[in-house]
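Novice: Starting from the known structure of chain A, fit chain B onto it as the hints suggest.
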Amino acid sequence: MSRTATTLIAYGMLLPALVLLGLFTFYPVIYGAFLGFTNYTVANVGSGEPPRWVGLANFVKVLQDPLFITGILNSLKYLIVVPVLQLASLAVAVLVNQKLPLVNFFRAAYYIPVITSISLAAVMWEWVYAQKGIINWLLTKIGVLAETQTFGFLGNPATALWAIMFVTFWQGFGYYMVLYLAGLQAIPGELEEAATLDGASSWGRFWLIIVPLMRPTILLCSLLSTLAAVRVLQEVIVFTDGGPLNSTYTALMYVYSKAFKAFDYGVASAAGLVVALVGLGLSYLNFRLTRGGEET
Amino acid sequence: MAGVEARRAKSASTARKALRLVWTYGWLLLLLVFAVFPFVWTLAISLTDKGVEGGTSIYNFPASLFPRHLTLRNFTEVFQTFQLGKYLWNSVVIAFWTVVGTLAISALAAYPLARLNFPLKNFIFAAILSTLVLPTETSFIVNVLLLRDLGMLGTYAGVVVPTIATAFGIFVMRQAYLAIPATLMEAARIDGASEMQILGRIMIPLSVPSLTALGIFTLVGTWNAYFWPSLALITNQDLHPLSVAVLTLKGQFNYDPFNIAAGAMIMMLPVLIVFLLAQRLFMRGLDGAVKG
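The listed protein sequences derive, respectively, from chains A and B.
Start counting the first sequence at 1; every next residue gets the next number (the numbering used here).
Start counting the second sequence at 1; every next residue gets the next number (the numbering used here).
Bound-form chain B, shown alone:
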């Protein structure tokens, strides 16, 4: 009797476990659809051969989610009709200089904050961190006026230069330097190395993981940024990065969602590849950068 009871209890608990599992995966799948549906649909639109299915609507559900005739023609077309290449190049230039600038500024500024003693050190570090909580509601106005006074409005430099000194970048690099054993530096100093040599030959090579993390976060942030580049380039549409141009594309080609979708996918692809390669960094949140 006791055996039967135990078996019954056991099978009940197995059943409960199975039910729990179904419940869990049900939610996981539902959230998956919610998170990626817009991408899946856009991808389907971008691959649809509008010639063959002439007059097909992107709103013809569920058929428009599963295009029967696939083509890459929308992708080549959007390069020809919209000069997508120009905007792609702008994105590459802006992202490249922003990443290089952020890494250089942060790697340099973090060194004295981590490893040297000088007057007002704590005050300066606190001032840098305070930029994280400043009320910046009106900053974009003054920054645009400032860029114009400096003659940088509507240039690549105008987009890049104001964004490369960040508390986040300096903080990340400072943490990386603090993790390097002080004995290494002392040995180098005894051998007569200058501070620049210590930074260049010891600190930076040993901080490559943090630099990579900072570079990747900066790259993704810059590639996606919409508001600031749209303001800094308000006078010069020709330099717009893809993130801004994609809305121009949408405005101009409203009648051709297939080309718009192709443009959108071209913009998404680099970010997606970087994300998939560096997934672990992102999944650790801000720790991902701080711990390298």
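For reference, chain A alone in the conformation it holds in the complex:
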């Protein structure tokens, strides 16, 4: 078959995928970046007037908006979930990496939150967090709270964001457990045995052998988890919609509200670009902290 014919066939087969990726993945990224530098609102859409270039005006507006700063700070606070989630997931992976009866059952059970829709999680966890919910009941049972001190965790500005972060943890640990399990299987068993014979405790084996050897997987997982945390949005939409008192108002919540409540697409896009930059910076930081994922 001639080279031209092969090329035609190849592009013919790639065409549907390339058109769709171009239209719904590449174009939105490029056009979204462009919109950030323009004045473009719902009025333009109505009148058919094209976006008008305004330079950095939107960015100035966004960075001077206390609400956006609140959003960025809340998104950064959300990052606390990353190290906790990663270390816990690795520890759980080590726990279920043993040959024990029923261990496959436990692994599967831990994965069930991963395959649960965020909207379903919201329905169930709102009952758990309610003022009369199980957590308050337990806390009064063990005497931490008096009957009169109970409160809804999602309705209290001091606890709402933490409550949502906890659900992220709940949905995440099974997912990262599986990724870490794959990595753990590559650690030679002799290494751990040797350490045990030398008298290393489980604690010592975890920090001195497993964590250093798993650094590449840890880098990958913390990158995924960091980007998810700084882009947190749908968790907030389904649980609190940014409230109470903006205590769960995250950076992308600002983007979302500007676009779909204030219908100001230019400002929304500019804010999105700032969040993207923050994400990029955090990814770089991740590389540095895990030393590029190189094993030591």
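Everything labelled a hint here was simulated from the structure, so no lab data went into it.
Hints are not guaranteed to be accurate.
In the DMTMM-like style, the derived pairs of lysine to aspartate or glutamate whose C-alpha atoms are separated by at most 20 Å in a straight line are [unchecked claim]:
(1) B/K10 x A/E193
(2) B/K250 x B/D49
(3) B/K250 x B/D238
(4) B/K17 x A/E193
(5) A/K77 x A/D65
(6) A/K132 x B/D256
(7) B/K50 x B/E77
(8) A/K99 x A/E192
(9) B/K17 x A/E192
(10) B/K250 x A/E126
(11) B/K250 x A/D241
(12) B/K10 x A/D198
(13) B/K17 x A/D198
Pair by pair, the computed Cβ-Cβ distance ranges are [said to hold, decoys possible]:
(14) A/S2 x B/L150: 33 to 43 Å
(15) B/F61 x A/G204: 56 to 66 Å
(16) B/T212 x A/I142: 41 to 51 Å
(17) B/T235 x A/E49: 29 to 39 Å
(18) B/T248 x A/G199: 57 to 67 Å
(19) B/F37 x A/F263: 40 to 50 Å
(20) B/T248 x A/G243: 15 to 25 Å
Quantities reported herein were computed from a predicted structural model and do not represent experimental measurements.
Yeah, the Cβ is synthetic: ideal placement off N, Cα and C, and Gly gets one too.
Specialist: Positioned in the frame of chain A, the structure of chain B alone reads:
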């Protein structure tokens, strides 16, 4: 004497082993409760006969975890009062077309990337993979504007079409094709088969495990997706899938948690069944799809 010492040492190590085992299973059980408690409670609520125990609260611990009078009435009721069937059907339609579309697009696009030589091949493959790391923070805004311009906002197609071409799907299928011996294709070419015939009669039938894996991951992801369908159908509540409607249900029937719980369980059940049947795929992580 030495015998006694040895025996004592042995029993000490047996004791330590037993303690270790108790410790391990203690943690395993604790994590189990943490992972599945919300489901167990929701299931209990959904099965509670609110008529018999009239006025019972779902917060009456620990009794509300162990309903004494079981019923399926909440399940039938939520279909009648909330039209759950409509939303269930929307979920089925959206999931079906998303799976079919993803498989078709991926199976087709992966073939030239795996098995043909043509100009810019590496560049195109790199561009496809780059979509995994693009900053997509503002994409949802442009996508909604785009759907409206295309007249697809508030339609099934508007939810499905933007999601079916994915780097993940194309990558999975490319790996599957690369694992098929080249001699098979060469033999077919000598027999005069066209590239479409090779794809349809050799590559795709031999890649069924990967297609299944990709289909299952896509199915679960689509069934559960909340954010994108809620935006693409922002103008048309009637087409909302269950994942979006379940929050509407919660808003409308706040006074009746029993029906909400029943709706939640109906939404969870299909995913749970698929997961239990294809557990091994999920437990292998991304490898599950790549290795079929």
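Novice: Now, for every hint given, state plainly whether the structure supports it.
Specialist: Right, here's what the structure says about each hint:
1. B/K10 x A/E193: holds, 19 Å
2. B/K250 x B/D49: Since the Cα atoms of B/K250 and B/D49 sit roughly 19 Å apart, the hinted pair holds (cutoff 20 Å).
3. B/K250 x B/D238: This hinted pair holds, its Cα atoms lying about 16 Å apart.
4. B/K17 x A/E193: Distance of about 15 Å is within 20 Å: holds.
5. A/K77 x A/D65: Roughly 19 Å separates the two Cα atoms, so the pair holds.
6. A/K132 x B/D256: Holds, at roughly 16 Å.
7. B/K50 x B/E77: holds, 12 Å
8. A/K99 x A/E192: Holds, because 15 Å separates the two Cα atoms, which is no more than 20 Å.
9. B/K17 x A/E192: Distance of about 17 Å is within 20 Å: holds.
10. B/K250 x A/E126: With a Cα-Cα distance of about 10 Å, the restraint between B/K250 and A/E126 holds, given a limit of 20 Å.
11. B/K250 x A/D241: Status holds; Cα separation ~15 Å.
12. B/K10 x A/D198: It holds: about 19 Å lies between the C-alpha atoms, which stays within 20 Å.
13. B/K17 x A/D198: Holds - the C-alpha atoms of A/D198 and B/K17 are around 17 Å apart, at most 20 Å.
14. A/S2 x B/L150: 33 to 43 Å: holds, 37 Å
15. B/F61 x A/G204: 56 to 66 Å: violated, 41 Å
16. B/T212 x A/I142: 41 to 51 Å: Once the Cβ atoms are compared, 48 Å apart, the range 41 to 51 Å for A/I142 and B/T212 holds.
17. B/T235 x A/E49: 29 to 39 Å: The hinted range 29 to 39 Å is violated for B/T235 and A/E49, with Cβ atoms some 22 Å apart.
18. B/T248 x A/G199: 57 to 67 Å: This hint holds: roughly 60 Å between Cβ atoms.
19. B/F37 x A/F263: 40 to 50 Å: holds, 41 Å
20. B/T248 x A/G243: 15 to 25 Å: Since B/T248 and A/G243 have Cβ atoms about 19 Å apart, the given range 15 to 25 Å holds.
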